[in-house]
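From first to last, the protein sequence lines are chains R and V.
Sequential numbering from 1103 applies to the first sequence in this note's numbering.
Sequential numbering from 2 applies to the second sequence in this note's numbering.
These are calculated hints, taken from the structure and not from any lab test.
Note that the structure is predicted; figures quoted are calculated from it, not measured.
Treat the hints with care, since some could be wrong.
Across the chosen pairs, the derived CB separations fall in these ranges [what the hints assert, rightly or not]: (1) V:K24 x R:S1146: 36 to 46 Å; (2) R:S1146 x V:A104: 53 to 63 Å; (3) V:V124 x R:L1371: 19 to 29 Å; (4) V:E143 x R:L1518: 49 to 59 Å.
List of simulated lysine-lysine pairs, DSBU-like, C-alpha gap at most 35 Å [claimed, not checked]: (5) V:K24 x R:K1517; (6) R:K1517 x V:K79; (7) V:K100 x R:K1136; (8) R:K1136 x V:K79.
Glycine included, each C-beta is placed from N, C-alpha and C at the ideal position.
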Amino acid sequence: MSAVPLQTPASGPLDLERVRADFPILSEVQVHGKPLVYLDNAASSQMPRPVIDRLVRYQTREHANIHRGVHYLSAVATDAYEAARGTVRRFLNAREDREIVFTSNVTDAINLVAHGYGRAFLGAGDEIVITHMEHHANIVPWQMLCEEKGAKLRVAPIDDAGEVVMEEYEKLFNPRTKLVSVTHVSNALGTVNPVKEMIAIARHHGVPIMIDGAQAVQHMPVDVQALDCDFYAFTGHKLFGPTGVGVLYGKAALLEKMRPFRGGGDMILSVTFEKTTYNTIPFKFEAGTPPIAQAIALAAAIDYVKEIGLDRIAAHERELLRYATESLQAIPGVRIIGTAREKASVLSFYVGDVHPHDVGTLLNDDGIAVRTGHHCAQPVMQRYGIPATARASFAFYNTLAEVDKLAASVRWVQKLFG
Amino acid sequence: MDSSQLYQEIILDHNKKPRNWGKVADCTHKSEGLNPLCGDHIWVTLKLADGAIDAIAFEGQSCAICKASASMMTAAVKGRKVDEVETLVQEFRDMTTGKLDVAGGAHHLGRLTVFAGVKDLPVRVKCAILPWHTLHAALTQEAVASTEGDNDPIAAG
């Protein structure tokens, strides 16, 4: 009889030691001779062994270009790539595989919608609604669209805690409102937006709504049918998968009437110099050789996360966030930016009057990786009157002991700056 | 190296109590310095008289490395001739980008060598250099200096 379970049990609390052993980088990297304390997961998360192995297996035994190939490897790669689409479809509970478009990241997915939907269906005087807490990726593509079309960007305000002021959000809707795009979870503040309610309001006004899920899918189950959003985007590398692959979910009826984003191979049915007939969805949006290996590895990452269980992940991350919030709040002079009632495990903070870049540089001496800066959310920084924050963002492989290290290091920085 | 070696007492002191903070009211030269990476944003104002810096001041919002660098810079260049100042700007730039070994080569940097360690923290080099770029821009009558583009100390090497 084997005394050691082969995998993490499907219920009960996380076996952190086992989970951490799945992530080679956590034990293989030392910084200044100290164990890595990786608290920059909102920027990019680490990759577990099963996902690394999947990438290696693909490149070792399955790689060729997909679609149209009549040879063995092309069929193997095509099957794996299309199976990955199915895995993503189940992960989001979309109705059909063809509602899943592989992109290169969330930025790419938002640009796809801005181009494919926005440029086709918005005109002068039309309005797009976003919130004050958006990442630049969910601001700039819309600004570019507005500039081109003479449309207007409307911004729902946030309060001091970092929550969208819902009455103000609803007030923005009028007959000129043609599109809404809001983040599910704020990368700078950690706020979990009431997207179900926000979608219902958009639906009530008959306006399509896109949800930026870059910071959400790694923390909580997402069901696009239950949410009833029109578009939902997330990225692979924040979900323990590789960089270079993202996902756009779109309702089939919308995707079908949208313009292609990029022209090229694979997005066509036939080409003559007189006329090109576009391919069906989702291929219409996947011009050129897509991130095949990355999509397949993303599916492996989804399988891995499902095996750990998003509910257990959420429970452990809640505990990490609670403990980290308490630990940092207990240090005089530390100010936490973003105190929404519902938060993902993202903690932005300010240490006295020490500039966040000094904080980040010094925490690195203790092997602690945090992000410092405006987090590509300059309007959020402006809202709080600060140039930047230090941000600790936790994944399920982080431990309470790592939170202790963070707090001790912050105390040391504060002492140094006296 | 541990960055705490860079955050020496002298740098922390200048960060806490910056010298020559504010504006030179009757300035003859001024420039604004921006580091988009971390949002460092400073203004340098100075008054030239007889080819030398008669008065100089800085203000703005920045990290400790940038603020201490600006503070020590103003103290170092006050009273100096413009060509001496430009030599210091070049030497400071060479030191922080690793091209000047302050222990070996001849230079005029004096106490400014406390910033030598910044060469081992590539992402912070721009913080230390920004005030010097801004001073150079003021002297050459450029309104705005940036750590990006042609002035990028990393890309330009």
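Checked hints:
no.	hint	in the structure
1	V:K24 x R:S1146: 36 to 46 Å	holds (42 Å)
2	R:S1146 x V:A104: 53 to 63 Å	violated (38 Å)
3	V:V124 x R:L1371: 19 to 29 Å	violated (48 Å)
4	V:E143 x R:L1518: 49 to 59 Å	violated (35 Å)
5	V:K24 x R:K1517	holds (31 Å)
6	R:K1517 x V:K79	holds (32 Å)
7	V:K100 x R:K1136	holds (30 Å)
8	R:K1136 x V:K79	violated (43 Å)
Of the numbered hints given earlier, the model fails hints 2, 3, 4 and 8; all others are met.
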